[in-house]
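Visitor: Spelled out from the first residue to the last, the chains are:
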Amino acid sequence: DTEVTQTPKHLVMGMTNKKSLKCEQHMGHRAMYWYKQKAKKPPELMFVYSYEKLSINESVPSRFSPECPNSSLLNLHLHALQPEDSALYLCASSAQRDGGKTQYFGPGTRLLVL
Amino acid sequence: GQNIDQPTEMTATEGAIVQINCTYQTSGFNGLFWYQQHAGEAPTFLSYNVLDGLEEKGRFSSFLSRSKGYSYLLLKELQMKDSASYLCAVVMIKAAGNKLTFGGGTRVLVKP
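So the sequences go chain by chain: R and L. The first sequence stops at residue 127 when you use my numbering, and every number in between is there. The second sequence stops at residue 1392 when you use my numbering, and every number in between is there.
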C-alpha cells in the first residue's frame, strides 16, 4: 500500500459549521503534513506531525485544529471558517529512513466555505 | 527566509525538450524536489537532488548546483500528458524537522 487517502473529496460548509478532514496512510510513515493550496498557487505548509506529535505549526489560525490520533491517521478539525479558507487541503506523509524528506501526497479535500 | 523562483508558464511541442529552471535562496538547505501536479490533482513526486549533479530517470532529469542555488528539470520527448504544473520545492532543516517550501510552479503546455 503506497497510498495516502483523504476524505471527504469535496466539502461545502457554512461559517458556523464544525467539520473534520481525515487523512490515512498505511506505509508506516511517521511524519504527516497538512498543506493548503489555493487555485494556481503552490501548496503552503500548515502543520507537521512527527511521531504523532505536532512539530511545526506555520502560524495557522486557531480555527484550524490538527489531531494525530495514531501513526496512520491525521485529522484537521475546522470551526468558524471564513470564505477565504476555501482551498484544496492536501495531506502528505513521509518516512524517516531518508530523513523524512520525500513526501507522498493524498488526493486532497476541496473545501468551499460559504 | 527563503525565496524560490521558477517561470510561470512554458509552452512546447509534442516530442520536443523543455527545461524548467528553479533558483532558490534559503538557509539550512537539505535538498530539492520536483513534483508534477495535474489540475485538480495532488502533487506527485518526480525527483530529489541533494548533491550537485544530474539525476536521470527515464524521460525526466533533474540537475542541482548548490553553490549557485540553481536547479532545473528537463523533460524529454514531450507527450501531451506532460501538460501540468511542475513544482520546485526546497527542504530546509528546522529544529522541529524538515520543512518543504514550494516555488510558485511552472505551468507547461504541450501542443501537438
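Calculated from the structure, these hints are not laboratory results. There's no promise every hint is true.
To be verified - Here are the simulated DSBU-like cross-link-like pairs (lysine-lysine), alpha carbons at most 35 angstroms apart as the crow flies:
no.: 1; chain 1: L; residue 1: LYS1348; chain 2: L; residue 2: LYS1337
no.: 2; chain 1: L; residue 1: LYS1348; chain 2: R; residue 2: LYS22
no.: 3; chain 1: R; residue 1: LYS54; chain 2: L; residue 2: LYS1337
no.: 4; chain 1: L; residue 1: LYS1337; chain 2: R; residue 2: LYS53
no.: 5; chain 1: R; residue 1: LYS66; chain 2: R; residue 2: LYS31
no.: 6; chain 1: R; residue 1: LYS35; chain 2: R; residue 2: LYS22
Visitor: For each hint, tell me whether it holds in the structure or not.
Guide: The hints, checked one at a time:
The straight-line distance between the Cα atoms of LYS1348 of chain L and LYS1337 of chain L is roughly 23 angstroms, inside the 35 angstroms bound, and the hint therefore holds. Distance restraint check for LYS1348 of chain L and LYS22 of chain R: the Cα-Cα separation of roughly 41 angstroms exceeds the 35 angstroms cut-off, and the hinted pair is therefore not satisfied. For the suggested pair LYS54 of chain R and LYS1337 of chain L, the alpha carbons sit about 27 angstroms apart, so the restraint of at most 35 angstroms is met. This hinted pair checks out: LYS1337 of chain L and LYS53 of chain R have alpha carbons roughly 27 angstroms apart, not beyond 35 angstroms.
Between LYS66 of chain R and LYS31 of chain R the alpha-carbon distance is near 23 angstroms, which keeps this suggested pair within the 35 angstroms criterion. Simply put, LYS35 of chain R and LYS22 of chain R have alpha-carbon atoms about 10 angstroms apart, close enough for the 35 angstroms limit, and the pair holds.
Going down the numbered hints, you'll see the structure goes against just number 2.
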